[in-house]
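S.K.: Residues per chain, in single letters:
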Amino acid sequence: MNERGISLSTHSTKILTRREFLSALYGWGFYVAIFISFLVSSLILRNFLQGIREDNIFISSYPLNFPLFVSMVIISLYLVIVSAVSISREKEQGTLEVLFYGPVSSSSFLLGKYFTDMLLYLIIAGFFSVYFFGVSLITNLGFTVALGKAIFVSIFIASCVISFGLFISSLTGKVRSSIVWLIGILIGFLVIWFFQNMFRGIPSEALSSWLIYVQRTLNVIYYFVNWVSPFSYLSRGMESIGVGSMRPFLLNILYSVVYTVVFLTASIYILKAKGVRA
Amino acid sequence: MKLKNLLLTCAALVFLTLTPQPGLTQEEKPAISLAPLLQEQLVYSFNVFDGKGWSGGFVPKSEDTIYLIANKDNALSAKKTLVYFWPITARYMAGWRTLNEDMQGTLEILKDGKLIDKLEKQDTVLSYPEGYWAEITLFYTAEEATEWHKRYKDAVDKYYEALSKFYEARAEYTRKMDEFFEQIRKRREAGEEGPLDIEIPREPEPPTGPDFYVTEPTRNYVINLPVGEYEIRLRADDGTIVEGSEKNLVVFTARRRGGVGYEIIPGNRWTAEEQCNDPADAIYAAGRNLLYFRPYQQDEYNELYHNKLLDPQNEGMKENWKWVHTQPLENVYLLFYSQDRLLERIDKRPYKVEQIPGAELGYNIVEFAPEYPGDKPTFEGQQLILSEELARKDYRIYLEDKEENTIISGSEREIRLAKKENVNFLYYLSFFPLIIGGIVFTFRRRKVKK
Chain A
1 MNERGISLST HSTKILTRRE FLSALYGWGF YVAIFISFLV SSLILRNFLQ GIREDNIFIS
61 SYPLNFPLFV SMVIISLYLV IVSAVSISRE KEQGTLEVLF YGPVSSSSFL LGKYFTDMLL
121 YLIIAGFFSV YFFGVSLITN LGFTVALGKA IFVSIFIASC VISFGLFISS LTGKVRSSIV
181 WLIGILIGFL VIWFFQNMFR GIPSEALSSW LIYVQRTLNV IYYFVNWVSP FSYLSRGMES
241 IGVGSMRPFL LNILYSVVYT VVFLTASIYI LKAKGVRA
Chain B
279 MKLKNLLLTC AALVFLTLTP QPGLTQEEKP AISLAPLLQE QLVYSFNVFD GKGWSGGFVP
339 KSEDTIYLIA NKDNALSAKK TLVYFWPITA RYMAGWRTLN EDMQGTLEIL KDGKLIDKLE
399 KQDTVLSYPE GYWAEITLFY TAEEATEWHK RYKDAVDKYY EALSKFYEAR AEYTRKMDEF
459 FEQIRKRREA GEEGPLDIEI PREPEPPTGP DFYVTEPTRN YVINLPVGEY EIRLRADDGT
519 IVEGSEKNLV VFTARRRGGV GYEIIPGNRW TAEEQCNDPA DAIYAAGRNL LYFRPYQQDE
579 YNELYHNKLL DPQNEGMKEN WKWVHTQPLE NVYLLFYSQD RLLERIDKRP YKVEQIPGAE
639 LGYNIVEFAP EYPGDKPTFE GQQLILSEEL ARKDYRIYLE DKEENTIISG SEREIRLAKK
699 ENVNFLYYLS FFPLIIGGIV FTFRRRKVKK
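If you read the sequences in order, they're chains A and B. Going by my numbering, the first residue of the first sequence is number 1, and it counts up by one from there. Going by my numbering, the first residue of the second sequence is number 279, and it counts up by one from there.
Bear in mind the hints are in silico, worked out from the structure with no lab data behind them. For each residue, glycine too, the CB sits at the ideal point set by N, CA and C. Any given hint could be a false lead.
Stated by the list, open to error - Chain A is faced by these chain B residues, among others (derived, beta-carbon under 7 Å):
1) 560
2) 701
3) 703
Excised from the complex, chain B in its bound form (with noise of 0.2 Å):
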């Protein structure tokens, strides 16, 4: 009775769902509107390390947890702001322009329910040694922060100089100039013939602008634990937590350091790269290849939680592990193997890519060489050739180091040239436990006429 009675309400309830609403005619319906719904949330802004560099990201308040990497320095900020959530990519967005209002107080922190130390906000700034696009990231605390902010404002504040004096010689070239075509002008007129013995204006060279760049700095609270899951919250400057504040924190480290991995950049697809960074990776390649590799210096991570520290909203298996590049392995030559038996010592080179010209696609892959001032290479890489005439099945590459000339650990690849064409044998292999049973069958029959 029960079991009918649970039924009919069951059926009672789909149908009420699928049943649609009436006195709603077709153009009463409403449109649909996706203007975002805002809730003022109290979130946290980072930038943290990442494993390479610094990056930035905020934690809603659906994520309770934050994730950072153990003994290095983050930078961690409570914000008030409007939060709102974007169905499109699935993910709580951050209204930062409509309100950024940043919490005072003191970052507390708890170990097991115990408070472990107090933190303060101070100055933090983002450098980038190598230029804003770069890959290089560091992070400067308090008055180094201030230091390195200040020498980037003096190298912009010089350079600005420079260009004001830049346009300055440039004007009082182009005054010359004109001076040196009237005299030539007036001397040709003049009735004179032959090289005329004037001095060329000399055009100013423009100013390189800074070749670093340092963030404005921010006051953040700065975080550097060891492994371990700790508690935050901020409490206010009357005494109060600020709800909302409180958040997990897990502090994590790398699982394996110093591995070696590679970008391969196939030469038929520059564009798409591959990765080859486990050890147990191995390279399958059909036909003729012709592949780049860029070998890189990488940590293994836990997927879930370096996914969450990148961004807490992602998502990640905690059983798994991921490799994260760190810096490029500079100096290195890639070794390509056959069995015991070196085939070739392949030095880095810079490449460009050239589009063919014409309407039709197409790009040819050139070793770089300048062609002007400023003219950069598209990828510097080691080039490897995997010709059709490769006589063995199985390959191996390894890194060596310029300096020591030792095989550097854990850059060990396989690099296998499948063999397609034998496809359609797989077929006849499934074969084989038929043609087992016919043998037993028939051994079975004979012992039972016997």
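The following block holds chain A by itself, in its conformation from the complex (with noise of 0.2 Å):
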């Protein structure tokens, strides 16, 4: 590509992304995805405040991480739908097709969509960081590095759950089958995730034989499901920070990131060798 092509490829990415960001800030959806996660966050802290019974204490590191990290998983469900749905809407409509006749090009349009998501997601951290810090006014639960650390973390986990949804979503030609297709597939990881665990705490000698070749292959599937599933990269990202050390924290933002690449990189070649059409 030359210059020309790289500049005019830029700016509608820009264009894109100015399109699609203030049509998502105008629209009620998001912030009441925002609200949701709020919501059930506030019950939790509510439930953690009471069980710190009358005249006890409860020792506590990071009190405000699990909240956070049930907000984050409301907010993943609702970017991974959004991403999911984003290109075969624009497929079904005609108006991918349309975009495409003009200087759009399948990375230009992909990466529109993916900027808009995060550029969503930044200003998502931003009610995040208000209303934990809110909610350690009105608590006293201290909110501490280690919050401001999964708020930052949670950027990286973010950009996985986009680039997954739009993997999906360059996959599928219709909404309808966008959405099919991105439940089916969560609740397999759900499953697998599930079984995986009821096994791991029954030893083999309480199995026969079939279920041994059954929790084996679990294991194997689960080790696949856990680099895949972006939701695996949200529980790795909480754990490096209860964890305390640096390496697994770093380590973790360099998985997503890469995560990010190689599912930006596989959904604009399916899209091109699709093509535009639903």
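Got two chains here, separate frames each, mind docking them using the hints?
M.R.: Structure representation (structure tokens):
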């Protein structure tokens, strides 16, 4: 691509980002998703505070990290659905075909979508900071450095979630199929995680031979799911803060960046290969 | 087609698994038996340094790695025993009473496949200088082991000798007491009145037993290695490697040393102590609290390695770290601060838990004052009262060295008084994004109208 081509591509990415970003910002869905995540966090925090019985103590390093984790899960679900339907909706409505007659390429289009969602997440991260600071003032639960780190690492996890959603969207042609695939895959991840955890607690001696086979197969599948599911990055990111060591924290950020690059690149190639029609 | 076949096979398998066996009625079904299936195994029994003292256990065949702390003496011994799986605890257990055969030979230590050391068995003992139930354990090897055991045996012999003399003296005392009462009776009967000038026999004092304990010497391989990964194997006297004796050896050390941890005994549930070990830990308190602090020195170890060291069948996360209390911190004051202002300097005191008389449950924790010889306090600690009237919501505690008057590094902890009364305001805070959304929406509508 020549210099003019790159400049055009960058320009179209910027325009797409701006258009999508403002559209999301002026809609209610964005605020409702944050509201729901905060409502659930408030419920957890209320239970936590009521768990400190009268005339009693509770020892914790990061009491606000778990509510943040739950908020992140809800916001990730919102982001992954928004990303997953974004391309297929444009395909279904035919706007993608129109766009691609202009100076819009697969990469500029996808990057536009990615940056839009990332900008939205940065605003969400701002909301998180304000909310948890407010929680700290109201309840006296400490707004710790670890919480700041958790909010920072959540930006990279959001990046994984968004690129995963875009990847699903690039694979499908219609909004309905995007959502069905997404829900199917997420339920699949959940089922594998659930059964792997269930089997992990049972020693091989207590299992029949074919259940041992199932256990081993699940372990192998889980190993791969652990690298593919964006929610694994979320739980690992939160764990890395709890561990208190910088190495897993930085490693998780690095893995998230690699994950984003791999999934965005794959999405661009799939979009190119499958074309713009639904 | 292939997928269809696969699905049919899976369905058939599920059907076969769920279908009950034909021909077996309820009465004919065998009763559940939990008689363990014993299997002869070569295992390693150990007494290893756990960061505080020495603790024992065994490594079954299922575990291929032994974990040790670096630069400390650890006793290892290869044994043949009967191992069984106990499903209730999901652990392998050793039937030492049925079979406990010491394996003879030389223990070889290898690093990167090269033989670096050969160990022969030597005598080892565990010594408990403050008694078997106290916290301190020491480990002695070779001549020192024999010497300490002899010292203990001598102390025990001396005690029994003294006890024998005591019983004789006690018998003599009983006899003298009988004579004493007889004399009194006779003189009173003879008409004597007033105080009688008869010497009262003195009761003999029972001897006290040895205040320390040393185990019987056992012959073990003593391993003391720097940090690293090794392999071990047992070479029999005929020169062959004993089957099943090859194990990996992970020798690790503490990541951080000399930290300060606290055991906190809440006054309202003194048997359920809390741990406040991580320097990032904050103590959240509600209402009025009476807390007793017991500070400890602690080292931080890898959770997986340390859990496996205590019991090779334990689990843990390699990414996690855990604090291990090494010894109580004596000669310190607990300082209670509000911002930069010292509110209280608290010294350690002994306390006794006294049950409330009557059928009702309840107890009082009172400062200990011995009521009879040998009376001991329930626990010792620094008492901190967190009253509801405390003006601020954030406090800090530190430890101060009594001799040097300096704050002990790593002893700082935050105490936060949780505002439970504000808990419902959290819901109002959740509406904050909707308010922002409303503002943006209104702003957008006005802009569009213009």
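S.K.: If a hint holds in the structure, say so; if it doesn't, say that too.
M.R.: These are the hints, each one checked on the structure:
For residue 560 of chain B, the interface hint holds, since its Cβ comes within 7 Å of a Cβ in chain A; the closest pair sits about 6 Å apart. The interface hint given for residue 701 of chain B holds, since its Cβ lies 5 Å from the closest Cβ of chain A, which is under the 7 Å cut-off. For residue 703 of chain B, the interface hint holds, since its Cβ comes within 7 Å of a Cβ in chain A; the closest pair sits about 5 Å apart.
Every hint, counting from the list given before, is met by this structure.
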